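A.B. asks: Below are the chains, spelled out letter by letter.
There are 2 protein chains.
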Amino acid sequence: MKQSQLFTRTQKEISKDEVSINAQLLIRAGFIDKLMAGTYTILPLGLRVMKKIEQIIREEMNAIDGQEIFMPTLHPKENWIKTGRWDSMDDLYKVKDSSGREMALGPTHEEVVVPLMKRFISSYKDLPFAAYQFQNKFRMELRSKSGILRGREFMMKDLYSFHADAGDLDAYYEKAKQAYLKVFERVGLKNETYLTYASGGSFSKYSHEFQTLTEAGEDSIYVCERCRIAINKEIIDDLEHSCPECHEGNLDEKKAIEVGNIFKLMTKFSAPFDLKAKDENGEDIGIVMGCYGIGLGRLMGTIVEVLHDEKGMMWPEAVAPFKVHLLSLGENEEAQKIYQSLVEKGIEVLYDDRDTSAGEKFADSDLIGIPYRVVVSKKSLASGGVEVKRRDESESRIVRTEELSNILK
Amino acid sequence: MKQSQLFTRTQKEISKDEVSINAQLLIRAGFIDKLMAGTYTILPLGLRVMKKIEQIIREEMNAIDGQEIFMPTLHPKENWIKTGRWDSMDDLYKVKDSSGREMALGPTHEEVVVPLMKRFISSYKDLPFAAYQFQNKFRMELRSKSGILRGREFMMKDLYSFHADAGDLDAYYEKAKQAYLKVFERVGLKNETYLTYASGGSFSKYSHEFQTLTEAGEDSIYVCERCRIAINKEIIDDLEHSCPECHEGNLDEKKAIEVGNIFKLMTKFSAPFDLKAKDENGEDIGIVMGCYGIGLGRLMGTIVEVLHDEKGMMWPEAVAPFKVHLLSLGENEEAQKIYQSLVEKGIEVLYDDRDTSAGEKFADSDLIGIPYRVVVSKKSLASGGVEVKRRDESESRIVRTEELSNILK
Chain A
14 MKQSQLFTRT QKEISKDEVS INAQLLIRAG FIDKLMAGTY TILPLGLRVM
64 KKIEQIIREE MNAIDGQEIF MPTLHPKENW IKTGRWDSMD DLYKVKDSSG
114 REMALGPTHE EVVVPLMKRF ISSYKDLPFA AYQFQNKFRM ELRSKSGILR
164 GREFMMKDLY SFHADAGDLD AYYEKAKQAY LKVFERVGLK NETYLTYASG
214 GSFSKYSHEF QTLTEAGEDS IYVCERCRIA INKEIIDDLE HSCPECHEGN
264 LDEKKAIEVG NIFKLMTKFS APFDLKAKDE NGEDIGIVMG CYGIGLGRLM
314 GTIVEVLHDE KGMMWPEAVA PFKVHLLSLG ENEEAQKIYQ SLVEKGIEVL
364 YDDRDTSAGE KFADSDLIGI PYRVVVSKKS LASGGVEVKR RDESESRIVR
414 TEELSNILK
Chain B
14 MKQSQLFTRT QKEISKDEVS INAQLLIRAG FIDKLMAGTY TILPLGLRVM
64 KKIEQIIREE MNAIDGQEIF MPTLHPKENW IKTGRWDSMD DLYKVKDSSG
114 REMALGPTHE EVVVPLMKRF ISSYKDLPFA AYQFQNKFRM ELRSKSGILR
164 GREFMMKDLY SFHADAGDLD AYYEKAKQAY LKVFERVGLK NETYLTYASG
214 GSFSKYSHEF QTLTEAGEDS IYVCERCRIA INKEIIDDLE HSCPECHEGN
264 LDEKKAIEVG NIFKLMTKFS APFDLKAKDE NGEDIGIVMG CYGIGLGRLM
314 GTIVEVLHDE KGMMWPEAVA PFKVHLLSLG ENEEAQKIYQ SLVEKGIEVL
364 YDDRDTSAGE KFADSDLIGI PYRVVVSKKS LASGGVEVKR RDESESRIVR
414 TEELSNILK
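Protein chains in written order, with the numbering used here: chain A, 14 to 422; chain B, 14 to 422.
Quick caveat, the hints were computed from the structure, so don't treat them as lab data.
Remember, it's a predicted structure, so these values are computed and weren't measured experimentally.
No residue lacks a Cβ here, since even glycine has one placed at the ideal position from N, Cα and C.
Derived pair list, reagent style SDA-like, types lysine to any residue, alpha-carbon separation capped at 25 Å: (1) A:Lys-64 <-> B:Ala-76; (2) A:Lys-358 <-> A:Leu-342; (3) A:Lys-95 <-> A:Asp-110; (4) A:Lys-95 <-> B:Asp-110; (5) A:Lys-90 <-> A:Asp-104; (6) B:Lys-95 <-> A:Met-49; (7) B:Lys-131 <-> A:Arg-367; (8) B:Lys-15 <-> A:Phe-133.
Chain B is faced by these chain A residues, among others (derived, beta-carbon under 8 Å): (9) Val-108; (10) Leu-118; (11) Leu-129; (12) Phe-142.
Whole structure, please, built from the sequences with the hints as guidance.
C.D. replies: This is how it looks when you write it as structure tokens:
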């Protein structure tokens, strides 16, 4: 894409009420725009990142036999009364239509997915299976200070699994754990992300979170480097400050962001909706469930918190808005040819063809944080080609134009 | 995909309160589920159709330089007060948080996209450009009788274009018109869909709708076959019952569904937000806008209304959930091999490997409406291969297994 045609542009300064690094950088670089606290528009560069994150998650959910669906935002009050959450959930948005009918704006979808499955589950033979969606969720966050890490509305992947017994749920839960670790590895957060034991609620001893280390985190976790797991501070006392796997007590307290969580719901939500199946003997069995969430905007924000420097963002290739940022410094003819040839080879290029200073182009390129910067100038051409620098390198090198696409492959 | 693994299944009967053909067939075939009136979950088969429709629209919007974004659902009341629509729009859902702050659930996004663009437009040089999104919209429809043609919430593509003057808008509007016609052609509704003159509101003489002929339509249009255009009944009197292009008066009244509309907003929304730019002389100019909408669920429902028979749906290849429905009649070994080989060739196959009767498999296949049905049975193998039938053909023919993929290419 030609940068001159992109309707967004970068900004040097933004409003002082934006205190989080992720929102500051994403707003300055033109990836997002703040409509009101906790409510953001995703702009073209940001949406390219979100769509790549979405596709990575989709592939990993499909790999564990998740079937994609799309559920509504407006939920009937009756369903929320049934689970008791109409009154117990403080951050639930409620809306009324002119006939007086009350509805909830879905903050999660157990109240929809469970009654839905009554239509499709009657026998143990219908089990197990899992369904997931990408959907905007709504939560009444009044003080949102952490940019896109916590919002009034936020894009989330939520997967729900359905099983005939707890053993089958356990087996699937382990597969989901591995799928989650793969997602965080693919988006570039492998080293910083820990499977974390957390409170299990009334039905399970533990649930599991995936926590990514960064000073911007709102959570405190205790890390066991030996097992590469962590424990959420909320249960560290129950565990007597030791690792639940190796029982070692030498754990480091660190700040982290919860980038995903998985939960054994057991029959907590199937029971109120009377979702059950016949077993081999024709007896009723209650359906055992798991749920598995990842916030996409939060994940994008976490990547920014972890991977940036004082100049701007540093996107991992798998989720970068483009692979290559091609900068033309007053030398448009050769740059245009290179742009065409890279695009023809299927390489995603943002081509800075704007009529602005070299200094501005370099600063914008560092801020936007595309993995490869390729500079075409009279000077580079005189030296035999183009200047190539990865965003995380400090020095560029000259590469012959003919060899460029091999390096970028 | 193996049909035995699909969590949905077909139904013979559904609730009698579902009067529209589109909802009846889509629910029976397991493409959608009704949560409450006008509110549907999109199930795996339905989502495959929706995603294909989405991708066709995305490609055509990108082809006219649309830049994809994603705006919030929760809109600040202030923005809707500014345009006067907080009070004038009857079907606006309003929601309040616990601090007393009121918000609208977006039924359309002028109130968000216009203030957003104040950040990016300052000079005529920033113009023209266009931004679009796929977003769930919310409208307080109390009596929804037309299935997914009209809902309380519905997925919509909305594009907004920004121009320095009316001439530039006119030129873009013509391009958008052609892009819309391409969309309806690609989804299989070319012959039934008419560019339709409709009321322009306070700023333009006409707007344009795209109306698809079907008895299920809520609109009445007058068709001029000579010009292949139509006139919405609402303005036929103003036009003295004649075609605005050839001035012929011999027009047929027909029922149709509005599948898209495009509108010259001029400065109607830029003015209240004071969205303007400097011209070449440094003088302020008001930004001239157009908006362009297509409802994706409505489009899916319209395809069902137009393309079905008494047995079920008949999907055009471009939007079908799968290209091939492979039915194994007690002959799983050979069918399994054929399934593998088609999947390896990149052909999308739904493989009915279930242990049910031939009659049920044929009935389900007709209901689901995948373009090609391929039957593998002892009988077909004895005759030298597999039975192939297009959904719109009445007779099948025997095709040698080795030739199957050539026929399906």
